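Fit chain P to the given chain Z structure using the hints.
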Amino acid sequence: MNANGSSEHGPRQGASPDSGSVGIVTPQDYTFGSTGEGIELESGTRFGPVTVRYETYGTLNAERSNAILVAHAFSGDAHAAGYHSPNDHHAGWWDSMIGPGKAFDTTRYFVICSNVLGGCQGSTGPGSINPETGKPYGLSFPVITIDDMVKVQCKLINHLGIERLYAVAGGSMGGMQALEWAVRYPERMRSVIIMAATSRLSAQAIAFNAVGRNAIVSDEYWNGGNYYDGDPPARGLAIARMVGHITYLSEQAMGIKFGRRLQARADFGFDFEDQFQVESYLEYQGDKFVDRFDANSYIYLSKATDYYDLGARFNGLEHAVAGCSSKFLIVSFSSDWLYPPYQSKEIVFAMMRQGVDVSYVELESSYGHDAFFLEIERQAPLVSSFLEGLDG
Amino acid sequence: MDNDTHARQHFSYEEILRLIEPNSTVLDLGCGDGELLERLIRERGVRGRGVDIEEEMIRTCIARGLSVFQGDLDEGLKDFSTNSYDYVILNHTLQVVHRPDLLLQEMLRVGRYGIVNFPNFAHIVNRVQLFLGGRMPVNRHIPYEWYDTPNIHFCTRKDFQVLCREMGYEIMRVIDTGNGRRRLPLLSNLLSTEVCFLLRGTN
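If you read the sequences in order, they're chains Z and P.
Quick note on numbering: the first sequence equals residues 1379 to 1770 in the numbering used here.
Quick note on numbering: the second sequence equals residues 253 to 455 in the numbering used here.
The hints are simulated quantities; they were obtained by calculation from the structure and are not laboratory data.
Remember, it's a predicted structure, so these values are computed and weren't measured experimentally.
Note that CB positions come from ideal geometry on N, CA and C, so glycine has one too.
Take these hints with a grain of salt, some might be off.
Unchecked claim - With a straight-line Cα cutoff of 20 Å, these simulated SDA-like cross-link-like pairs (lysine to any residue) come out:
hint : chain 1 : residue 1 : chain 2 : residue 2
1    : P       : Lys330    : Z       : Glu1696
2    : Z       : Lys1635   : Z       : Trp1715
3    : Z       : Lys1705   : P       : Asn441
4    : Z       : Lys1705   : P       : Gly430
5    : Z       : Lys1723   : P       : Gly282
Stated by the list, open to error - Computed footprint of chain Z on chain P, listed as stretches where at least three residues anywhere in the stretch have a Cβ under 8 Å from a Cβ of chain Z:
hint : region
6    : 311–325
7    : 426–437
Said to hold, decoys possible - Distance windows between CB atoms, simulated:
hint : chain 1 : residue 1 : chain 2 : residue 2 : range
8    : Z       : Asp1687   : P       : Leu269    : 39 to 47 Å
9    : Z       : Asn1693   : P       : Arg299    : 20 to 28 Å
10   : P       : Glu306    : Z       : Glu1696   : 23 to 31 Å
11   : P       : Tyr265    : Z       : Gly1701   : 31 to 39 Å
12   : P       : Gly420    : Z       : Leu1438   : 43 to 51 Å
13   : P       : Ile305    : Z       : Gln1732   : 22 to 30 Å
14   : Z       : Asp1687   : P       : Ile423    : 41 to 49 Å
Isolated chain P, as found in the complex:
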């Protein structure tokens, strides 16, 4: 991971840390190497568990003393009890699952709140690359070619808002990020590179 990516990831961790109430319970879906979870435990006193599919990531989490479950998010969260966590986090993972809508539904069944962040496909750079260049956008926010990308469901800030409305989820906070900095919610669908939503379910 290059420094730039790391810095942006670091920033999104800071944002998520701020959203979470101290001493709550957290399920981190697609927890990767467990850095976020470890910080949540250390800095927010949460009780948390991670889920990831990659063996190497799981091993890294275990070495950190974290409690992790190796599983495939595309298989859903059926064995996780309803309302068993305060927060369910989906950090930079929404776009890689087969059915983001079903996973979202599961997240807000298992957790009271959902935190979802993802790259905003409607960002101006993407629009310019597609509109003027006539090619699928490839840039530092979405660095893959169309044929090898793990990102199979890109969406825009606005798309996600529409989905939440249709599914009846309350959007409690939206944090807009532009190149690793928080930005004012102005022309957000055009200018935010990444967005982070705090959602509340219907139950």
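Here chain Z stands alone, though its shape is the one from the complex:
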């Protein structure tokens, strides 16, 4: 993991196309619903039209039985694997897991990844044009939830003519979507893989999200969410991202990666020009993020994760998972303090009490929440074993 390297929800850098790559991929769009139609949101509002940006890797078999839906995390996108052009050096966010011979083996499976509702990387979100006004939605975009994201994904899966997915998989916010899929559409998938996820955020995790949102709305350029014809609230969004990055790493990972080293000097100058490497890293991550992410999407998506509480909606997690009929693999990481292992175990034990077929692995890792992007050597064999075990 280098200073510019892959981290939660950021594209991996420095990789080049290789034999294990899906190669060049072209994003596609699917639009459904007209104004006032579309889907009914959890809030009760009807919303449409909705465009879904998605990518696929591998080939759908004749029986349409080998499709795997991969759900991205908070700031991810539909670009999960491969490259967009021959000159593109940014592989998709889970390129280490998706490709020929990889955990999600594209010689066997047809892998689908779509940008979430409320996002800003091709799917409809607050930065999209409201067809009724001809202007970006901004804060007139409805509040959306994890459940709403999943309903939109289901529309896409229907559109692709897939009755039953081989698997739904995701990490972090993607893991929440995978869990929601299993609860909402239990008959629509054979298996579910949930990594570094939770059925509800802790107060601590909500608190960090709140700081991020505060940074954005305190930026003078935010202007109540109406900034699309001017400068965006770049500083606020960058600070939000910096806070996010702190939560994605463990104390140990930061120590290994940066220690107390200074960025440009050997010794302290005692003049406020000193910058620790960790500061430089956060600055870099913050600035880089501003180029590809919309501040309003940050607000909407972080709010969606805050709202998520599967157990509360069903009067207990056990009731929520009672109807689950798929086979589950739930993976947590020992140093993940954002969505700690005990939160994964809550899901596992609720499932076990309901007789759901679930396996649980707690990988020993120092990477923190980001581990599901980084512990590939140990995570990949688990995932491929699990997928193969389905046919065993």
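Showing chain P alone in chain Z's frame:
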């Protein structure tokens, strides 16, 4: 694992398979690579789950399509519901946990029956090695040196019977094994290399 160890393990699997009613539910604590669990599912039609602490073992079980939980038995079974399994198996694991008595208690809370097997420390070879040699026994049944052994709580057949009596558990069956063969219950505490108990809890 050498052939000899494998053969003996295979034998203890056969014994456990015979003890378990078809189509029951089983929790296998310290399930290792999942071979026993897989056979129980295939040959006895059980619905089962394994628990193990080692990542590699868990991965092997997952590849076999088994349902497994990575966990530490020393942390107990507190999240497992009372009477949620017909059988809870502790196969060659009793001697490696910190508090065998507490785990036993948990096993018979979670399961209606417990199956426990372990090497009998009172076997004559061990006695001779300790008594005449004056050293901790090391042989093919307990192949570790005292300083690197994972076996931190050896007990004898008789010790275990006493513990069960004290804890109020009914011993429904005892299967004595001598060098990989079932043997008659004669001078068992002296001549059995391994013993397997079928227990019933008080609830």
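Inset, instruction - Could you say whether the range 43 to 51 Å given as a hint is met by the Cβ separation of glycine 420 of chain P and leucine 1438 of chain Z? - result: Because 60 Å falls outside the window, the suggested range is violated.
Inset, instruction - Starting from lysine 1705 of chain Z, check that the Cα of glycine 430 of chain P is at most 20 Å away, please. - result: Judged against 20 Å, a Cα distance of about 41 Å means the pair is violated.
Legend entry - Hint check for glutamine 1732 of chain Z and isoleucine 305 of chain P - Cβ pair distance inside 22 to 30 Å: holds (24 Å)
Legend entry - chain Z covers the region 311–325 of chain P, three or more CB atoms within 8 Å, holds or violated: That given contact holds, which follows from 13 residues of the region 311–325 of chain P lying within Cβ reach (below 8 Å) of chain Z.
Legend entry - Hinted pair lysine 1723 of chain Z and glycine 282 of chain P, Cα distance within 20 Å: Cα-Cα ~18 Å, so holds.
Inset, instruction - Could you say whether the range 23 to 31 Å given as a hint is met by the Cβ separation of glutamate 306 of chain P and glutamate 1696 of chain Z? - result: Holds, at about 29 Å.
Legend entry - Satisfaction of hint between tryptophan 1715 of chain Z and lysine 1635 of chain Z, Cα-Cα up to 20 Å: The given pair, whose Cα atoms are some 18 Å apart, holds under the 20 Å limit.
Legend entry - Status of the given 41 to 49 Å range, CB of isoleucine 423 of chain P versus CB of aspartate 1687 of chain Z: For isoleucine 423 of chain P against aspartate 1687 of chain Z, whose Cβ atoms are near 47 Å apart, the range 41 to 49 Å holds.
Legend entry - Coverage criterion applied to the region 426–437 of chain P (partner chain Z; beta-carbon cut 8 Å; 3 residues): Not satisfied, violated; 0 residues make the cut.
Inset, instruction - Hint says 20 to 28 Å; check whether the CB-CB distance for asparagine 1693 of chain Z and arginine 299 of chain P agrees. - result: holds (27 Å)
Legend entry - Satisfaction of hint between asparagine 441 of chain P and lysine 1705 of chain Z, Cα-Cα up to 20 Å: violated (45 Å)
Inset, instruction - Starting from the range 39 to 47 Å, see whether the pair aspartate 1687 of chain Z and leucine 269 of chain P falls in it by beta-carbon distance. - result: Holds: the Cβ-Cβ distance is about 44 Å, inside 39 to 47 Å.
The structure is inconsistent with the numbered hints 3, 4, 7 and 12, although it conforms to all the rest.
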